[in-house]
Amino acid sequence: MHSIQQTHHNASYTLTNAIGSTQKPACTSSQVSEIIYDPQNPFTLHLLLPFLQQLGHQPRWQLWLSPERRLNRYWINSLGLPENKTIGLNSVSTESTVEMMGKALRSGNFSSVIAWLPAISPEIKEKLNQAAKEGDCYGFILQSLPMLQSSLMHNEMFGKSHWH
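For the sequence shown, the positions run 0 to 163 when numbering that gives the first Met the number 0 is used.
Heads up, a few of these hints could be off.
[Unchecked claim] Listed next, the in silico DMTMM-like pairs over lysine to aspartate or glutamate satisfying Cα-Cα at most 25 Å (straight line): (1) Lys84 with Glu122; (2) Lys102 with Asp135; (3) Lys102 with Glu82; (4) Lys84 with Glu33; (5) Lys102 with Glu122; (6) Lys102 with Glu125; (7) Lys84 with Glu133; (8) Lys132 with Glu98; (9) Lys126 with Glu98; (10) Lys84 with Glu67; (11) Lys102 with Glu133; (12) Lys84 with Asp135; (13) Lys102 with Glu33; (14) Lys132 with Glu67; (15) Lys84 with Glu98; (16) Lys126 with Glu94; (17) Lys102 with Asp37; (18) Lys126 with Glu82; (19) Lys132 with Glu122.
Keep in mind that the hints were calculated from the coordinates and are not lab data.
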């Protein structure tokens, strides 16, 4: 198995080494994933944890864009994520979160960008995907089930349904 501490780290290389393969993944067309979770059962978020821990070995940062609260450093440490390479920013609106996420993904300074967002359009997701490819970064959009249901209900009321 190759060393993860190589000079040029790339997200797909890290992923393949995390699962013990020396080949590139066959399909890397989507580097931005939407994860729907139930706030009453946070287990879903723990499925993402091993991947984030692996990305934490890269010399790049991890960015968390949160709408409501500051990132809890104790929580970051307890998950085994690198506190010294983790940045948490509060976002004030969906638009500003999407804009910040796109800029961060494109910058190449981050191994992963995690953001809480409601349902987004396929066009916005494609723009974020393109930014992630340019910056060789992974993006994770976290959507709580109640937030997603509310967003979908709002879109149905106004005739804008966005299914992914």
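Verification of the supplied hints:
no., hint, in the structure
1, Lys84 with Glu122, "violated, 30 Å"
2, Lys102 with Asp135, "holds, 12 Å"
3, Lys102 with Glu82, "holds, 22 Å"
4, Lys84 with Glu33, "holds, 23 Å"
5, Lys102 with Glu122, "holds, 16 Å"
6, Lys102 with Glu125, "holds, 14 Å"
7, Lys84 with Glu133, "holds, 21 Å"
8, Lys132 with Glu98, "holds, 16 Å"
9, Lys126 with Glu98, "holds, 10 Å"
10, Lys84 with Glu67, "holds, 21 Å"
11, Lys102 with Glu133, "holds, 10 Å"
12, Lys84 with Asp135, "holds, 17 Å"
13, Lys102 with Glu33, "holds, 18 Å"
14, Lys132 with Glu67, "violated, 28 Å"
15, Lys84 with Glu98, "holds, 21 Å"
16, Lys126 with Glu94, "holds, 13 Å"
17, Lys102 with Asp37, "violated, 28 Å"
18, Lys126 with Glu82, "violated, 29 Å"
19, Lys132 with Glu122, "holds, 15 Å"
Figure legend: structure checked against the earlier numbered hints; hints not met, in rising order: 1, 14, 17 and 18.
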